[in-house]
Each structure stands twice: as structure tokens, then as C-alpha cells.
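Starting from the known structure of chain A, fit chain B onto it as the hints suggest.
Number of protein chains: 2
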Amino acid sequence: MKNSLGAKTIVPTTPVWAVGTYNRDGKPNVMTAAWGGICCSKPPCLYVSLRKATLTYSNIVERKVFTVSIPSENYTKEADYFGVTSGKTVDKFSITGLTPVKSDLVDAPYVKEFPLIIECKVIQIVEIGLHTEFIGEILDVKADSDVLNEKNLPNIEKVKPIIWNPAGMTYHKIGKSTGQAFSIGKEL
Amino acid sequence: MKNSLGAKTIVPTTPVWAVGTYNRDGKPNVMTAAWGGICCSKPPCLYVSLRKATLTYSNIVERKVFTVSIPSENYTKEADYFGVTSGKTVDKFSITGLTPVKSDLVDAPYVKEFPLIIECKVIQIVEIGLHTEFIGEILDVKADSDVLNEKNLPNIEKVKPIIWNPAGMTYHKIGKSTGQAFSIGKEL
Chain A
5 MKNSLGAKTI
15 VPTTPVWAVG
25 TYNRDGKPNV
35 MTAAWGGICC
45 SKPPCLYVSL
55 RKATLTYSNI
65 VERKVFTVSI
75 PSENYTKEAD
85 YFGVTSGKTV
95 DKFSITGLTP
105 VKSDLVDAPY
115 VKEFPLIIEC
125 KVIQIVEIGL
135 HTEFIGEILD
145 VKADSDVLNE
155 KNLPNIEKVK
165 PIIWNPAGMT
175 YHKIGKSTGQ
185 AFSIGKEL
Chain B
5 MKNSLGAKTI
15 VPTTPVWAVG
25 TYNRDGKPNV
35 MTAAWGGICC
45 SKPPCLYVSL
55 RKATLTYSNI
65 VERKVFTVSI
75 PSENYTKEAD
85 YFGVTSGKTV
95 DKFSITGLTP
105 VKSDLVDAPY
115 VKEFPLIIEC
125 KVIQIVEIGL
135 HTEFIGEILD
145 VKADSDVLNE
155 KNLPNIEKVK
165 PIIWNPAGMT
175 YHKIGKSTGQ
185 AFSIGKEL
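For the record, the sequence lines run as chains A and B.
Numbering follows my numbering, in which position 172 of the first sequence is assigned residue number 176; successive positions increment by one, without gaps.
Numbering follows my numbering, in which position 96 of the second sequence is assigned residue number 100; successive positions increment by one, without gaps.
Copies of the same chain look alike in the list, so a pair counts if it fits in one copy or across any two.
With a Cα cut of at most 30 Å, we get these calculated DSSO-like pairs of lysine-lysine:
| hint | residue 1 | residue 2 |
| --- | --- | --- |
| 1 | Lys-155 | Lys-177 |
| 2 | Lys-116 | Lys-177 |
| 3 | Lys-164 | Lys-106 |
| 4 | Lys-116 | Lys-12 |
| 5 | Lys-155 | Lys-180 |
| 6 | Lys-68 | Lys-6 |
| 7 | Lys-46 | Lys-81 |
| 8 | Lys-6 | Lys-155 |
| 9 | Lys-106 | Lys-12 |
Read the hints as simulated data drawn from the structure, not as lab findings.
This is chain A alone, in the form it adopts within the complex:
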């Protein structure tokens, strides 16, 4: 018998994504979003869901592009800062000392110090309720050399991403592997 907890957005793992955009005046901004994920394999797409009140919302509506920068665990503090403050009142790059780099594919900046970044072009905007979902086609994924494995793919143990846990309001490291996908299940 399971206990009813009510209609809440409490799943244990959500991503911690720093969404990069330019303000109307060209100043780089970044905001952490946890309502995000991959939503299509072909074309490769991800989404971020944002409240209309955010500057990032307005920036994406204006330029129809954004980047996602994935922080390593040692940037938990900066990622949290990107989520609790607004670019309307502070310069988040300046306060954190992190570096905005203009994407060469989309008119949006990414966070240089974060090891993995994704450049997206908005292909659909879905109104849901408090949040609007921006579906972005992934134009490229870029990573630092030191987080890549021999197949030229990001090694999760080197990227050291974090997840957010809405129920506990905590960020967490990724732990040991519990199995290989499309493989361990075949034992059954």
C-alpha cells in the first residue's frame, strides 16, 4: 500500500542545466533550469521549461536559440546561484567569475568552465501552464578534451554532472554504475 503525497513535481532526479542566452542589449545571461530533458532522438531535441517571468524566457522568445551548459559537481554553488538570482538585477557571469563564450552556431553564450555544452535552435514552443516549454533542436554538443573517452564521447565520471532532487531540495553527485544498458536486462 503506497502513501498518497499529492500532486507534486517531486521526482528524485532532474538535470541541472545552465541555459545561456543574450539579453536584448547583447549582454550574456544564464539561468539554471531543472525542468529539462531530451525529448526526441530524430531530430535530436531537448527542452527547457521556463516561467514567463524569467529573463531567459524573454531572451529565447526574442532570438529563438539557447545553449545548455552542464556544470561539474565542483560548480554546484555557481549553478545554484544561476538559479536563485535574476539577470534583471545582477550580472551572473561577473559575480561568479565564470566566462561567457559566444557559440559559433547559435546567437547565444555558453559557460566556458562547464565541461559539456549543447547548442540549440528552438523548433517548437508549447504553452503548458505556469511554464512554457521550449523544444530546441540540438545543433551540436561540445566538450572539453579532458572529459572525453577513447570513443570521443563524454565520460560521465570525468564530466561529474550533478542532479537536483526537488523533494529534498538537494544537489547530488552521480555515483557508481549499476549496469550496462541494453545488456544487463538480457539476463532475465
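Just chain B now, with coordinates in the frame of chain A:
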């Protein structure tokens, strides 16, 4: 200077969600999805993106409801099995020995042995490309007593969810906390 890896769906962390539905004949089915996430706070919503070829796709189109059951790390094998096989050819509950329970809120089954489940009613269907996104309003979240904390919320250290890493094709445990959200960033 970051290395270009191409337009790929490789973010380090995606959820591992067992999506429960009934087949046309009323038989319970379950499929693991990694293309999923929270997409709105009010109404509380999550989505799963599915290929039209899956039985779960047809089942959701038919009944417009689904559940999400979140496996603990000790069910990695079963979760993988739910993702690599099709309910068109096998009875996934029977093979894994796991138990379908009919939700009392939606016409869909959940996995009894998984500690946290979410009951959803489809409110939007978004065609993207290979995948179709089903946006479900969260009607309730239910959890086993032994994974709840003193605030009656799921404790991630007891739920022990796993994440999937598309680039390495590996499942991973969740590790230690790296900080409290809406708090650690204020140090900056």
C-alpha cells in the same frame, strides 16, 4: 576550446522511468523511458517522449493516461529489461516477476515493487519527430512508507533512484549531496 561531438542526444543524466499502461485487451504493460522529465509546476506536469512503434505509445493514445514507476537501484536489471523488450511479444511483468497494480486514479497500472510512482492524465500530445511527447498532468505521487522522511516526502537516499547515461550506455546510482538548493548559491 571545446571539441565538437555532433548533434547527438548525449546529456549525462536522464531519468529511468517505467511507464505503465494497459494494452487494448486490458493486459498491463510497462516500458522504460529515458526521454522524460518535469515540464510544468502548475499544473504539475511531466512528459514522456515515445516512438510511435512502441506498444506504450498506442496504449497512451487509446486511454490518455499512464503511470511512472521509479525503480530503486536494485531493480536496474528489471528496468533495463522493460526498455529492451516489447510488450507486443513478451509479458514483462511475468518475466521479471514484478507486480502490476491498478492505479485508483487513472486507468493504468504501476509497478508495486518500485518505491515511488506518479499517476498522470495526458493533457497535450506534441509531435516532434521520431518521438511524440505526451505531457501528463500529475494527479498524485505515491510512495512506500519506508522511503519517506519526517516531512512525508521521498528521501532520495532511501528511494535510491538510478539515472541513465546515454553517452556511456550505463545506469548509475545517485551519490552524495553537493549542496542545498536555493541556499549554497547565496554564498556568492
